[in-house]
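J.: Given chain A, put chains B and C in place with the hints provided.
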Amino acid sequence: MIPIILGVAILVFTLMTFCPGDPASIILGSSATEEDLQAMNEQLGLNKPFLVRLGVFLRDTFFRFDLGTSYLTRISIVDSIKEYLPRTMILTIATMLISVTLALPFGIMAATHQGRWQDHLSMVFALIGISIPSFWLALLLILLFSVKLKWLPAMGIGGIQYYILPALSGSLGGVAGLARQTRSSMLDVIRADYITTARAKGVSEFKVITRHALKNALIPIITVVGTQFGKHLGGTMVIETIFGIPGMGQFIITGVNQRDYPVVQSGAIFLAAVFSICMLAVDLLYAAADPRIKAQYAGKRRKVKEHA
Amino acid sequence: MPEAMLERVKTQPKKKSEFLRVLKQLSYNKMAMLGLVIFVTELILVLLAPLIAPYNYTAMDTAAIREAPSLTHWFGTDDLGRDILSRILYGGRFSLTMGIFSIMISATYGAVIGSIAGYFGGRVDNVIMRLLDIIQSLPGMLLTIVISTVLGAGYLNTILALSVNGIPGQARMLRAQMMKNRGAEYVEAAQSINCSKARIIASHLFPNSFSPLIVQMTMGVANMILMASSLSFIGLGVQPPQPEWGAMLSGARQFIRSSPHMVIFPGLAIAITILALNLMGDGLRDALDPKLKK
Amino acid sequence: MEHREERTPFLEVRDLVVEYFTKESVVYAVNGVSLTVDKGQTLGLVGETGAGKTTIAKSILRILPDVGARMVQGEIFLEGQDLTRISEGEMREVRGKKISMIFQDPMTALNPVQTVGAQIEEVVALHTQGTKADFHRRAEEMLEMVGIPKERYGEYPHQFSGGMKQRVVIAIALACNPELLLADEPTTALDVTIQAQVLRLISELKEKLGTSMILITHDMGVVATFCDQVAVVYAGNIVEYGTKEQIFDHRSHPYTIGLFGAIPDMRSDETRLHPIEGLPPDPTNLPEGCAFWPRCKFATERCKQGKIAMALTADGHLCRCCNLEIVSEEGGEAACQHQSLK
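Protein chains in written order, with the numbering used here: chain A, 450 to 757; chain B, 257 to 550; chain C, 81 to 422.
Accuracy of the hints is not assured; some may be wrong.
[Claimed, not checked] Some chain A residues flagged as far from chain C (calculated, every beta-carbon gap over 10 Å):
id	residue
1	473
2	475
3	490
4	500
5	532
6	543
7	547
8	558
9	610
10	617
11	646
12	652
13	734
[To be verified] Now the stretches of chain A that chain B is said to cover, found in silico as 3 or more residues with beta-carbon under 8 Å:
id	stretch
14	451 to 457
15	585 to 594
16	656 to 662
17	676 to 689
18	699 to 705
19	719 to 732
Source of the hints: derived by calculation from the structure; they are not laboratory data.
Using N, Cα and C, we set each Cβ at its ideal position, and we do this for glycine too.
The shape of chain A in the complex, shown without the other chains:
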């Protein structure tokens, strides 16, 4: 995981140096003189060769945990992230929770009623769900709940009511995708012999589905939840701009638009780190869900030890 985050840091840093536009002139404005620009470049360390700058950047980031300051606002980026990240995380996790709690029952119902109207209805909804762009849904929800019904605020931050619409609009695609995955992996499992064994034992249908089938169907579902987390993390950036939530998305997009390199770099690395941690959590969940995978990990570790 650490090499990956290091890789992301190098990748993003390198990409940003190819960015058109000179930071010094952006900071100082168009009226700046040649000397001023030179001095500013000197101050920012931008006149040094690429590799030196990369080295300095990596050292500051990973050894001093110093992410620098914004070129424009001069505010410490660590402070900014401390302020913005929780909002993005609340939104992403809320989105995720809505997806999972709605998608699992729908997917299971579709699978257990395969070919009947419950199945068809859920899958038609799912198909429509993944086809609606979240930012459009956001606008439609604002139209309905804020403009017409005036139930919920359309913009800004505050209490929990400010997160309802953003989370809803972000989660529809997730619900749909996850429900489809739940259905298909439940269908794979539901015909398995051990489900028949469970039925033959006299286990009630509810427990057959939840204890035996769902537990076995969980691996691909966890995978989708994991990848969706990344999607939601990215998607939240768009949702944040619509609902005017000052989170990581707005932070990074503003940084992008203003060529505020340190902001974009640190923001991207931070999101990548959050994402990597979540993927690690997914791996751990795999092992918890399936003893065969746990055995593999254990086996690997044992082998590594033997080699050492």
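T.: Then chains B and C, alone, in the frame of chain A:
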């Protein structure tokens, strides 16, 4: 060349019947056909936009600003008095082609990279996979945003940014297919008659990995169109006054209270396109699924 | 069976018909099967793959797949109670307790994400009274009983070999002392050496617990060793029914005769087996009349129409064939000879 002959004998008749079989399977699937019809209709409409569009998409009419849908302007007009229907028709040229081209580019590169990783395995595979890991550990939207910042906004640059984002997924899929088929007997047979590695990949392994690639590409176009419009929506991607669907939505946002039609129609265009592509993708997947072969 | 109506058998299946539906066609899996099993007895269901043997067993337990399968008609009496009429809740009390089942493929019959101990314990907890500790003890006891050290309680199925897994399946099936055991080809998926062990284990435990059993198999050797009664199943119907001795010594149906022709005989010098010509019929499109006529060398015009009834040849020996006289003249051992001459 006996090798070429052998191969022709082996693959050609089968390939054709396979293709026909898939088409036949697909034609049974009403939903997939519906998707196909919608998508093809859209393509034709968009292609013939200059002939069909009732107005010039740039023509402003100060007398008819933000007019609700009517007989003269079916989908209403926008804040500059431009006809929304015409703009959607022209905008489709951007949205649809961005989706199609970016998926083609990413599938090509992804296929090459994935094939190499999957066929050679070992260290080559390891290096490639770690690189892909790095790219994929950035949330997709974020990566696209960063790359399109670097490249700058605009039609071609956005396609490039989207393509880069799509490569890892395509490569992974093809790699998995390669790994699966690499040990198959026909590959051993090809190796035994001294086929070159490139030839084995290109003419033996690749065709056999084709069907999942097609499915993923169909679904991928939908995803790319979605991402492209999101990008335009947040101000990257295709720039106004070009009538890209996402850009139109972005422009319409501030008028949501007074003129909801400006928000509804471009979004509907995106949703219907994605729905059609997903229907097609689902149908293709079912048709290509060996488990369902009769 | 009409002639036995005077006393209630332990298990009686009457006129069972089961169909599977797919989009395009209907699979006629079981077409009017009737059978009885007495207390403590073992009935062997013999027949080719796809003849509907497993479907019969699953119908008795009412665990047919809920999508696509339908029990069209039939009654299943367990000690006089019709299992087809009781509620699903009541049926759950029967499953695992009164009737339990051993499945064909031990590799897939166990839940891969649950420890074997927990899987045994689950059935115990469902059907007996007691504390968690009691259930646990009983599960360990069952493991020991099938010859697995109880220390392996907490292991997962993937840590067991095929034979060991089948032992676990048997432990699950016998954990609540069932009165009827449905053993669906319990050894086909196992190595030959393990087969004998597992079968011996089943029959020992069955003797000990006084359980009745329906043993599904296509292995005549297994039938000879373990069964009291035999029912030969062809295309979803019983074509011959009788005691083991009757079937082995006086087989009457051309299909049964053919089945025996396909067994290698160590005592003779034959270099070839005599397989039954042709393939089993397509269950979506069964031939009119006797389902076996397209493969039967005794077939006449009469075989090709109408339903063929069971004919009584000896006490309790039934045969579904309308040319019994001709078959029995040429039949039996002669049939083998006849086939080898061709």
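J.: Could you run down the list of hints and mark each one as holding or not?
T.: These are the hints, each one checked on the structure:
Against the 10 Å criterion, residue 473/A stays outside the reach of chain C, whose nearest CB is about 59 Å from its own CB. With 10 Å as the threshold on Cβ separation, the claim that residue 475/A sits away from chain C holds: the shortest Cβ distance comes to roughly 56 Å. Every Cβ of chain C is farther than 10 Å from the Cβ of residue 490/A; the closest lies at roughly 60 Å, confirming the non-interface assignment. With 10 Å as the threshold on Cβ separation, the claim that residue 500/A sits away from chain C holds: the shortest Cβ distance comes to roughly 50 Å.
Consistency note on residue 532/A: stated as away from chain C, and its beta-carbon is indeed over 10 Å from all of that chain's, at 42 Å minimum. No Cβ of chain C comes within 10 Å of the Cβ of residue 543/A; the nearest lies about 29 Å off, and the non-interface call holds. The non-interface label for residue 547/A is consistent with chain C: the shortest C-beta to C-beta separation is roughly 27 Å, beyond 10 Å. Distance to chain C confirms residue 558/A as a non-interface residue, since its nearest Cβ pair spans about 14 Å, more than 10 Å.
Remark: the non-interface label on residue 610/A is consistent with the geometry, its nearest Cβ contact in chain C lying 40 Å away (cut-off 10 Å). With a least beta-carbon separation of about 33 Å from chain C, residue 617/A lies farther than 10 Å from that chain, consistent with its non-interface assignment. At the 10 Å boundary, the C-beta of residue 646/A falls inside the reach of chain C, the nearest C-beta of that chain being 5 Å off. The Cβ of residue 652/A does not lie farther than 10 Å from every Cβ of chain C; its closest approach is about 7 Å, which violates its non-interface assignment.
Even its closest Cβ contact with chain C, about 13 Å, leaves residue 734/A beyond 10 Å, as expected for a residue assigned away from the interface. Check on the stretch 451 to 457 of chain A: 5 of its residues sit with their Cβ under 8 Å from a Cβ of chain B, so the three-residue criterion for coverage holds. Only when three residues or more bring their CB closer than 8 Å to a CB of chain B does the claim for the stretch 585 to 594 of chain A stand; here the count is 5, and the claim holds. For the stretch 656 to 662 of chain A, the stated coverage by chain B is not satisfied: 0 residues place a CB nearer than 8 Å to a CB of that chain, which falls below the threshold of 3.
Proximity of the stretch 676 to 689 of chain A to chain B, defined as three or more residues with a beta carbon under 8 Å from a beta carbon of that chain, is established by the 7 residues found. With 3 residues bearing a CB less than 8 Å from a CB of chain B, the stretch 699 to 705 of chain A meets the requirement of three and the coverage assertion stands. Evaluation of the coverage hint for the stretch 719 to 732 of chain A: fulfilled, as 5 residues show C-beta separations to chain B shorter than 8 Å, against a requirement of three.
In summary, the numbered hints that this structure violates are 11, 12, 16.
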